[in-house]
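Novice: Taken in order, these protein sequences are the chains called A and B. End of the first sequence sits at 563 in UniProt numbering; the numbers just go up one at a time, nothing left out. End of the second sequence sits at 567 in UniProt numbering; the numbers just go up one at a time, nothing left out.
Please keep in mind that the hints were generated in silico from the structure rather than gathered at the bench. We treat Cβ as the ideally placed atom computed from N, Cα and C, and that holds for glycine. Treat the hints with care, since some could be wrong.
As the list claims (entries may be wrong) - Beta-carbon label-pair distances, calculated as ranges:
(1) A/A61 <-> B/A264: 26 to 34 Å
(2) A/G337 <-> B/W452: 37 to 45 Å
(3) B/T14 <-> A/M224: 53 to 61 Å
(4) B/R419 <-> A/E217: 22 to 30 Å
(5) A/G395 <-> B/E534: 52 to 60 Å
(6) B/G364 <-> A/M224: 45 to 53 Å
(7) A/M224 <-> B/T308: 30 to 38 Å
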Amino acid sequence: MHKDLLRLARAEAAVRLHLAACLGAAVAAGLLVIVQAELLAGVLSGAFAVAALFPLALVVAARGLLGFGQGVFAGRTATALKSVLRRRLLSRFQELGPASYRSGELVTLAGRGLDALDPYLTGYLPAVAVAGVVPVAVLVRLFAADLQTAVIVLLTLPLIPVFGALVGWTTKAVTERQWRALARLGGHFLDVVRGLPTLRAFGRARYQASVIREVAEAHRAATMRTLRVAFLSSLVLELVASLSLALVAVPVGLRLLSGSLDLHTALLVLLLAPEAYLPLRVMGTRFHAAMEGVAAADEAFAVIGDGREPSPGPAPSPRGETAGEAAPSPPEIRLEGVTVRYPGREDAALRDVSLVIAPGERVAVVGPSGAGKSTLLHLLMGFVAPSEGRVLVGGADLASLDLDAWRRRLAFVPQRPHLFASSVADNIALGSGADAGRVRAAAAAAQAAEFVDGLPEGYDTVLGERGADLSAGQRQRVALARAFCRPSAEVLLLDEPTARLDGRSEAAVIEATRRLAEGRTAIIVAHRPAMIDLADRVVRVEGGRLVAPAGAGSAHANEGTTT
Amino acid sequence: MTAHLGPVRAAGTTRRLVLAALAGAAADLAGVALIASAAWLITRAAEQPPLAALSVAIVAVRAFATTRGVFRYGERLAGHDVALRAQAGTREGLYEALIPAGPLPQRGADLLSRMVDDTDAVQDLLVRCLLPAAAALVTGVAAVILAGFLLPAAALVLAAGLLVAGLLLPAATAAAARRRSATIAPARAELAARVADLVHGAADLAAYGAGGRALSAAMAADGRLGRLERGQAWINAVALGIGMLAQGLTVVGVVLAAQAAGLARVPAAVLALAALVSFEPVLPLAAAGERFSGVLAALRRLREIRATPPAVTEPADPAPPPEPPLTVEVRDLVVRHGGREPALDGVSLTLTPGRRVAVVGPSGAGKSTLLSALMRTVEIESGEVLVNGVDVRRYRSDDVRARITGLTQDPYVFQASVRDNLRLAGPEATAEELSEAVRRARLEAWAERTGWDTVLGEDGRTVSGGQLQRLALARALLFDPSVLLLDEPAEALDEETADLLMADLLDATRGRTTLLVTHRLRGLEQVDEIVVLEAGRVVQRGPHADLVTAPGYYRDLWESEAMTRQR
Numbered sequence: 001m002h003k004d005l006l007r008l009a010r011a012e013a014a015v016r017l018h019l020a021a022c023l024g025a026a027v028a029a030g031l032l033v034i035v036q037a038e039l040l041a042g043v044l045s046g047a048f049a050v051a052a053l054f055p056l057a058l059v060v061a062a063r064g065l066l067g068f069g070q071g072v073f074a075g076r077t078a079t080a081l082k083s084v085l086r087r088r089l090l091s092r093f094q095e096l097g098p099a100s101y102r103s104g105e106l107v108t109l110a111g112r113g114l115d116a117l118d119p120y121l122t123g124y125l126p127a128v129a130v131a132g133v134v135p136v137a138v139l140v141r142l143f144a145a146d147l148q149t150a151v152i153v154l155l156t157l158p159l160i161p162v163f164g165a166l167v168g169w170t171t172k173a174v175t176e177r178q179w180r181a182l183a184r185l186g187g188h189f190l191d192v193v194r195g196l197p198t199l200r201a202f203g204r205a206r207y208q209a210s211v212i213r214e215v216a217e218a219h220r221a222a223t224m225r226t227l228r229v230a231f232l233s234s235l236v237l238e239l240v241a242s243l244s245l246a247l248v249a250v251p252v253g254l255r256l257l258s259g260s261l262d263l264h265t266a267l268l269v270l271l272l273a274p275e276a277y278l279p280l281r282v283m284g285t286r287f288h289a290a291m292e293g294v295a296a297a298d299e300a301f302a303v304i305g306d307g308r309e310p311s312p313g314p315a316p317s318p319r320g321e322t323a324g325e326a327a328p329s330p331p332e333i334r335l336e337g338v339t340v341r342y343p344g345r346e347d348a349a350l351r352d353v354s355l356v357i358a359p360g361e362r363v364a365v366v367g368p369s370g371a372g373k374s375t376l377l378h379l380l381m382g383f384v385a386p387s388e389g390r391v392l393v394g395g396a397d398l399a400s401l402d403l404d405a406w407r408r409r410l411a412f413v414p415q416r417p418h419l420f421a422s423s424v425a426d427n428i429a430l431g432s433g434a435d436a437g438r439v440r441a442a443a444a445a446a447q448a449a450e451f452v453d454g455l456p457e458g459y460d461t462v463l464g465e466r467g468a469d470l471s472a473g474q475r476q477r478v479a480l481a482r483a484f485c486r487p488s489a490e491v492l493l494l495d496e497p498t499a500r501l502d503g504r505s506e507a508a509v510i511e512a513t514r515r516l517a518e519g520r521t522a523i524i525v526a527h528r529p530a531m532i533d534l535a536d537r538v539v540r541v542e543g544g545r546l547v548a549p550a551g552a553g554s555a556h557a558n559e560g561t562t563t
Numbered sequence: 001m002t003a004h005l006g007p008v009r010a011a012g013t014t015r016r017l018v019l020a021a022l023a024g025a026a027a028d029l030a031g032v033a034l035i036a037s038a039a040w041l042i043t044r045a046a047e048q049p050p051l052a053a054l055s056v057a058i059v060a061v062r063a064f065a066t067t068r069g070v071f072r073y074g075e076r077l078a079g080h081d082v083a084l085r086a087q088a089g090t091r092e093g094l095y096e097a098l099i100p101a102g103p104l105p106q107r108g109a110d111l112l113s114r115m116v117d118d119t120d121a122v123q124d125l126l127v128r129c130l131l132p133a134a135a136a137l138v139t140g141v142a143a144v145i146l147a148g149f150l151l152p153a154a155a156l157v158l159a160a161g162l163l164v165a166g167l168l169l170p171a172a173t174a175a176a177a178r179r180r181s182a183t184i185a186p187a188r189a190e191l192a193a194r195v196a197d198l199v200h201g202a203a204d205l206a207a208y209g210a211g212g213r214a215l216s217a218a219m220a221a222d223g224r225l226g227r228l229e230r231g232q233a234w235i236n237a238v239a240l241g242i243g244m245l246a247q248g249l250t251v252v253g254v255v256l257a258a259q260a261a262g263l264a265r266v267p268a269a270v271l272a273l274a275a276l277v278s279f280e281p282v283l284p285l286a287a288a289g290e291r292f293s294g295v296l297a298a299l300r301r302l303r304e305i306r307a308t309p310p311a312v313t314e315p316a317d318p319a320p321p322p323e324p325p326l327t328v329e330v331r332d333l334v335v336r337h338g339g340r341e342p343a344l345d346g347v348s349l350t351l352t353p354g355r356r357v358a359v360v361g362p363s364g365a366g367k368s369t370l371l372s373a374l375m376r377t378v379e380i381e382s383g384e385v386l387v388n389g390v391d392v393r394r395y396r397s398d399d400v401r402a403r404i405t406g407l408t409q410d411p412y413v414f415q416a417s418v419r420d421n422l423r424l425a426g427p428e429a430t431a432e433e434l435s436e437a438v439r440r441a442r443l444e445a446w447a448e449r450t451g452w453d454t455v456l457g458e459d460g461r462t463v464s465g466g467q468l469q470r471l472a473l474a475r476a477l478l479f480d481p482s483v484l485l486l487d488e489p490a491e492a493l494d495e496e497t498a499d500l501l502m503a504d505l506l507d508a509t510r511g512r513t514t515l516l517v518t519h520r521l522r523g524l525e526q527v528d529e530i531v532v533l534e535a536g537r538v539v540q541r542g543p544h545a546d547l548v549t550a551p552g553y554y555r556d557l558w559e560s561e562a563m564t565r566q567r
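Start from the sequences and build out the full structure, keeping to the hints where you can.
Specialist: This is how it looks when you write it as structure tokens:
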């Protein structure tokens with residue numbers, strides 16, 4: 001049982017209803033088996049007239065209907081619960097901000113990962129409900145019918161969970177190790193296939209075929225060793241169930257012989273006894289598949305509800321001050337002794353940084369990779385919050401500002417802009433609601449118009465998986481066009497816009513950036529001298545500290561020492 | 001080697017498969033026999049015969065009760081063994097088919113991992129579809145034959161019921177799943193794309209206040225997928241309901257037939273209970289039918305991949321491998337990817353031993369294609385590449401790649417230790433040679449810091465773009481081919497590192513036959529010839545000193561590069 005998952009299912013009205021209907025149908029169908037056995041035993045023993053076949057047919061029809069209902073409501077429960085989880089996961093991710101969680105895992109989890117819940121919700125949960133009710137009901141009926149049989153079933157029934165738990169417990173560690181090995185095997189194969197071009201280049205491709213074979217063979221041998229033990233659990237369960245049937249049937253036969261039992265009861269007992277064991281065995285067989293769902297749920301709840309502070313994630317954004325929405329000109333930005341720490345990392349990303357950026361000033365931030373340059377921009381975006389010190393915008397603490405309103409005054413071009421799986425126009429208009437004309441103007445200003453017009457469907461071209469159809473330079477210019485689409489932005493934050501560009505693209509992007517920076521405050525993380533030349537002032541970050549911030553007009557002061 | 005391993009493997013697989021199927025059928029048969037003999041025992045006992053008349057039935061009940069579990073155990077073991085073997089064989093076969101294959105029609109990491117998932121399908125095919133179907137078939141036929149002996153009319157009813165549950169229903173679920181997968185798969189892909197946008201584009205969305213809309217788009221995709229999944233659940237639920245109905249009504253029908261024929265109580269009870277239990281292996285086939293359609297689709301995708309034509313045709317009568325030193329002459333080379341414009345359109349160049357040639361040009365000019373042609377990973381449309389005077393197409397492509405190779409596009413980091421990641425380019429290399437290559441690739445500080453035995457790759461330590469590039473360079477230097485190819489060695493490095501690396505590289509390759517593809521011109525005054533490619537054609541060529549004085553792409557690029565450097 002997954003506590004968080006069930007709590008969530010109970011909290012959502014739609015899920016709760018569907019789940020209840022699904023479990024109810026499953027239990028009702030299970031209970032009808034008793035009625036069915038009753039009628040069948042009556043007809044076969046001659047106790048009931050042939051006319052009893054009609055109610056029997058009705059019971060059968062009802063079971064079919066309940067089975068259908070169970071399936072439909074199980075499907076509804078699963079999709080509804082997955083939707084709720086997906087929404088919470090993605091919302092939580094947005095709250096935490098871009099600097100959190102490993103993104104690849106999250107994409108898998110919120111996508112295919114949640115599908116692992118299906119066997120848990122549609123198979124395991126109903127099986128648990130049936131296992132909780134039906135054996136008890138069968139036992140009650142058996143006690144009423146024949147005490148001796150009922151006692152045999154009552155005594156053997158607990159053997160199933162006991163043996164199941166015992167075998168499961170002894171093989172748990174081995175089995176888990178084996179499943180992990182299985183995942184590794186799949187990983188190994190995928191790894192080799194992905195790296196095939198590299199292997200080909202060094203003449204190792206054919207050699208790897210034999211490695212694949214050896215790894216798979218070793219894995220198979222190890223798995224079979226584990227399975228020999230693991231399948232013992234099902235052997236034991238199967239044996240308990242079928243031997244119990246023999247244990248019931250043979251004495252019943254002998255008592256019939258002596259005339260101490262009537263045929264109707266004997267047949268009823270024969271039909272009912274297996275139904276006491278069946279739900280427990282079904283639950284056992286569905287356990288494994290369900291555990292994958294539990295693992296997925298664990299992962300999901302680790303993201304959603306770990307209750308941990310999103311430190312140093314974005315500051316809470318009270319709707320209090322709005323940073324002077326109508327501010328006509330760029331604000332002064334002031335960092336006072338700011339230190340930023342990422343969770344799980346020892347060293348601070350930024351250490352005691354103080355910096356004042358005047359309205360309209362253009363500042364280039366330089367320094368070796370990993371020095372904290374990008375963190376500085378993320379700090380101003382509100383993606384991370386200072387663990388010490390504060391950031392003042394126009395005199396107001398950023399932590400007390402409405403972040404959305406503040407971000408509306410910014411234009412941000414990240415180092416590796418993400419292009420969305422939608423049209424070029426949508427990618428440029430991102431969040432601004434700009435019309436076609438403004439999009440075109442922005443593209444032209446960002447030196448992107450020429451290549452966009454050359455695309456098969458121009459501005460309506462849908463970009464592929466992670467915008468794979470465009471070159472690095474083109475993607476960078478789409479991101480710049482985004483910034484141009486926000487004429488109201490007062491502060492420009494650029495993270496190495498010309499990294500990875502060839503000379504021609506670089507010149508185009510620099511020209512576009514120069515125009516974009518006019519009349520705005522610009523903070524540009526830069527490596528290349530031409531970009532640095534755009535700035536009024538250069539500040540240097542090293543090891544999270546600001547070192548020798550150069551005064552205005554001395555843009556080249558630090559260049560000799562860049563290492 | 002696999003050519004003669006294949007049949008051996010196949011024969012072993014078939015034998016094991018039959019064994020598993022037999023064990024499964026025996027387990028299910030034992031289940032039917034158990035209930036039938038128990039029913040016989042009880043109804044016969046009610047007639048109060050002498051005890052001796054029951055002894056066989058008593059033994060049978062106990063025997064079937066024991067063997068059912070044992071056979072089931074055997075089936076599961078044999079079945080999984082066969083499935084694991086089959087899966088290993090499928091993966092190996094797929095990999096071997098991929099070695100000479102050209103670029104796959106699919107792109108992207110997700111599609112590649114789906115291909116690997118598809119190889120799991122063969123396991124499902126055996127364990128979840130074929131083996132249960134075989135066992136159900138044997139059990140059903142046996143139950144019908146038993147019924148035939150007792151009462152032919154009841155046998156007909158039973159056969160009809162079993163056919164509905166075991167044949168019609170699975171066929172219907174398989175057909176429905178096939179039709180539905182045409183809509184579900186794109187809906188799944190759309191949801192994945194929206195989620196990927198939300199997560200990978202989180203910074204962009206936050207910065208532009210577009211997160212809310214992206215979230216609604218993802219949830220809308222989720223809603224569409226949910227509707228389709230509910231439709232699928234509906235179909236499965238119908239199948240489940242009909243299956244239960246078929247089982248129950250068959251039993252009712254059998255009893256009715258027995259009563260109508262005035263069958264004695266003992267055979268009637270045996271008949272009814274055997275009919276009831278014979279459905280047990282049959283009912284799960286409806287779910288198997290659904291899975292079967294997915295399995296077939298996966299196997300079809302794998303077949304398509306395996307049918308990908310090889311990138312280059314191997315010679316029927318290969319020339320002996322060329323002996324170093326190598327001279328490579330490219331004459332009027334034309335290469336085309338698919339039906340598009342030629343990627344290379346009449347390119348010529350010559351690499352004599354010790355000569356270094358650089359290829360520059362805008363992205364998409366055909367620079368990487370030229371290297372691919374030399375490495376024999378794309379086919380030559382016209383023109384020729386001569387290696388030591390012999391057409392490259394007359395050599396085995398492996399022989400060519402063993403001598404003409406180096407740092408290729410998109411180098412890959414394997415989930416292996418730093419040392420093993422390097423060693424793949426030199427399995428025999430000594431520790432000194434390893435550290436020498438690492439030193440020359442300017443990777444030694446990183447290697448020391450990371451640790452030679454640290455595992456890299458997806459589950460291990462991540463490697464930044466610059467380190468990856470240097471790792472690839474170290475591999476190339478370690479491999480030490482006769483002709484060294486370098487595709488954008490300074491790609492993704494920061495300015496200072498790139499300058500240092502290029503300087504080292506030009507130093508290290510002095511006197512080595514080298515073809516260098518780059519978009520950075522600094523230092524190219526050291527190479528013997530520079531070839532400027534644009535749109536697949538050579539637009540300029542010559543040493544740096546000549547090119548920089550003539551108007552054209554090279555001088556433009558040089559000037560813009562100079563502008564972006566210190567002025």
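Novice: Work down the list of hints and note, for each, if the structure agrees.
Specialist: Verification of the supplied hints:
no. : hint                          : verdict
1   : A/A61 <-> B/A264: 26 to 34 Å  : holds (29 Å)
2   : A/G337 <-> B/W452: 37 to 45 Å : holds (41 Å)
3   : B/T14 <-> A/M224: 53 to 61 Å  : violated (19 Å)
4   : B/R419 <-> A/E217: 22 to 30 Å : holds (25 Å)
5   : A/G395 <-> B/E534: 52 to 60 Å : holds (54 Å)
6   : B/G364 <-> A/M224: 45 to 53 Å : holds (52 Å)
7   : A/M224 <-> B/T308: 30 to 38 Å : holds (33 Å)
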